[in-house]
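Read off the chains here:
Number of protein chains: 2
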Amino acid sequence: MDIAFVLYPNMTALDLVGPYDVLSPGPDVTSHFVAATLDPVPAGSAMRIVPTTTFDTLDRADVIVVPGGEPYEVLAEGTVAAWLRKVHPTATWTTSVCTGSTLLASAGVLEGKRATTHWALRDLLASLGAEVSTDRVVRDGSVITGAGVSAGIDMALTLAGILWGDVFAQGVQLAIEYDPEPPYDSGSVEKASPEVVDLVRGLVANEFGAGRSEGVKA
Amino acid sequence: MDIAFVLYPNMTALDLVGPYDVLSPGPDVTSHFVAATLDPVPAGSAMRIVPTTTFDTLDRADVIVVPGGEPYEVLAEGTVAAWLRKVHPTATWTTSVCTGSTLLASAGVLEGKRATTHWALRDLLASLGAEVSTDRVVRDGSVITGAGVSAGIDMALTLAGILWGDVFAQGVQLAIEYDPEPPYDSGSVEKASPEVVDLVRGLVANEFGAGRSEGVKA
Numbered sequence: 001m002d003i004a005f006v007l008y009p010n011m012t013a014l015d016l017v018g019p020y021d022v023l024s025p026g027p028d029v030t031s032h033f034v035a036a037t038l039d040p041v042p043a044g045s046a047m048r049i050v051p052t053t054t055f056d057t058l059d060r061a062d063v064i065v066v067p068g069g070e071p072y073e074v075l076a077e078g079t080v081a082a083w084l085r086k087v088h089p090t091a092t093w094t095t096s097v098c099t100g101s102t103l104l105a106s107a108g109v110l111e112g113k114r115a116t117t118h119w120a121l122r123d124l125l126a127s128l129g130a131e132v133s134t135d136r137v138v139r140d141g142s143v144i145t146g147a148g149v150s151a152g153i154d155m156a157l158t159l160a161g162i163l164w165g166d167v168f169a170q171g172v173q174l175a176i177e178y179d180p181e182p183p184y185d186s187g188s189v190e191k192a193s194p195e196v197v198d199l200v201r202g203l204v205a206n207e208f209g210a211g212r213s214e215g216v217k218a
Numbered sequence: 001m002d003i004a005f006v007l008y009p010n011m012t013a014l015d016l017v018g019p020y021d022v023l024s025p026g027p028d029v030t031s032h033f034v035a036a037t038l039d040p041v042p043a044g045s046a047m048r049i050v051p052t053t054t055f056d057t058l059d060r061a062d063v064i065v066v067p068g069g070e071p072y073e074v075l076a077e078g079t080v081a082a083w084l085r086k087v088h089p090t091a092t093w094t095t096s097v098c099t100g101s102t103l104l105a106s107a108g109v110l111e112g113k114r115a116t117t118h119w120a121l122r123d124l125l126a127s128l129g130a131e132v133s134t135d136r137v138v139r140d141g142s143v144i145t146g147a148g149v150s151a152g153i154d155m156a157l158t159l160a161g162i163l164w165g166d167v168f169a170q171g172v173q174l175a176i177e178y179d180p181e182p183p184y185d186s187g188s189v190e191k192a193s194p195e196v197v198d199l200v201r202g203l204v205a206n207e208f209g210a211g212r213s214e215g216v217k218a
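Heads up: the sequence lines are chains L and G, in that order.
Residue numbers 1 to 218, in the working numbering, belong to the letters of the first sequence in order.
Residue numbers 1 to 218, in the working numbering, belong to the letters of the second sequence in order.
Next up, chain L with everything else stripped away, as it sits in the complex (with noise of 0.2 Å):
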């Protein structure tokens, strides 16, 4: 099994870590991280990661992930969604994580269907076509999307179970020891206060270019 983690970049991490350390020990897979060339692809301020190979290279997938990020600068490039649009229809399923989605979407494969992404980024994602889910794991046929970043490890668990069975799904929770408990219960817009959902839609506006849409490629 052929699993393809596209990379490209101001990624975030933890949107591709998460699902390439749930997945990845599945049997038989092999992993690929695809980029647009093989030279490292910046994922933060000090994070490069070293794809396996390309775009132009690798044309079919049994499962692809594709991480959320900034998103603008990505959607008006163009080049994950020429991707998407080559091999989506090869692959058995396709996931993304945080506004990954909004990638699936710019490539016509959220079509008439159901998806979520980051909550502070769901206009951009309805913009794009898609129908905006506010849940944190969402599957429409063979389209799996999750919420903001670490709902990738739900989403990705998910899919594990899916493919290989809920004994290899829940090992793998446990290898993982995946037994959340947050010191802090403000993880999503409903539960933060006021003033942290504030703080965050400032950083969000700030880091992610509010008002950059008009260069994207619906």
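Incorrect hints may have been included.
Chain copies aren't distinguished; within one or between two, either way the pair holds.
Listed below are the simulated SDA-like cross-link pairs for lysine to any residue, each with C-alpha atoms no more than 20 Å apart in a straight line [as the list claims (entries may be wrong)]: (1) K191 to D39; (2) K191 to P180; (3) K191 to G78; (4) K191 to G129; (5) K191 to E181; (6) K113 to L199; (7) K86 to T37; (8) K113 to L38; (9) K191 to G165; (10) K191 to G161; (11) K86 to K191; (12) K191 to D166; (13) K113 to D198; (14) K191 to F168; (15) K191 to R201; (16) K191 to V167; (17) K86 to A36.
Don't read these hints as lab results, they were simulated from the structure.
None of the values given here were measured: they were computed from a predicted structure.
Please build the complex by placing chain G on the supplied structure of chain L, with the hints as guidance.
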């Protein structure tokens, strides 16, 4: 504030990336990925991460984060422990995820201290002289340890609250939408079924080489 994330071969990617995505957005943080050389470091079957600096070059840090992974080779090899002996005295906080605590122990950092690790490797940590706790996050003085793999997110949010206050840490939790909804309730050895526990004990013994502890430098 300089945060040193330690890289070594066959570390677990999520142990590194959970704390990285929680701590690196902190105010005035410079994140360093420190390894034996500048060559990309393997983490699992497909991932290679590029270091930003080396053990010889980086001789101080405000915060140290040591991920877990296959523990026996890195313990026997000794380079990470030697670096920890040099840099731990310069740090305000020294932290670990999963079997990263065995590296702290082998460097003498856990002498007389309570600490936690992956549930399947508690005996190894005890054999290295630490007082082993089964808690998910353990703080003893300036040392904070997290349990297996995904516990690094909880450990890092705890540290973020200490470093930058509750509102900032809650903001990070909301930014990564860390409101877990695992599809199973199998994330601890107390909650998983005996069948699942046996499956994972077999995988861990196979992957980490049970009985190879004779090579460990304590």
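Against the structure, the hints come out as follows:
no., hint, verdict
1, K191 to D39, "neither (40 Å within a copy, 43 Å between copies)"
2, K191 to P180, "both (16 Å within a copy, 12 Å between copies)"
3, K191 to G78, "neither (35 Å within a copy, 45 Å between copies)"
4, K191 to G129, "neither (28 Å within a copy, 41 Å between copies)"
5, K191 to E181, "both (15 Å within a copy, 14 Å between copies)"
6, K113 to L199, "neither (32 Å within a copy, 37 Å between copies)"
7, K86 to T37, "within (17 Å within a copy, 38 Å between copies)"
8, K113 to L38, "neither (33 Å within a copy, 44 Å between copies)"
9, K191 to G165, "between (32 Å within a copy, 18 Å between copies)"
10, K191 to G161, "between (28 Å within a copy, 17 Å between copies)"
11, K86 to K191, "neither (40 Å within a copy, 43 Å between copies)"
12, K191 to D166, "between (30 Å within a copy, 15 Å between copies)"
13, K113 to D198, "neither (30 Å within a copy, 39 Å between copies)"
14, K191 to F168, "between (32 Å within a copy, 15 Å between copies)"
15, K191 to R201, "within (15 Å within a copy, 37 Å between copies)"
16, K191 to V167, "between (32 Å within a copy, 13 Å between copies)"
17, K86 to A36, "within (14 Å within a copy, 40 Å between copies)"
Against the hints set out earlier in the document, violations occur for numbers 1, 3, 4, 6, 8, 11 and 13.
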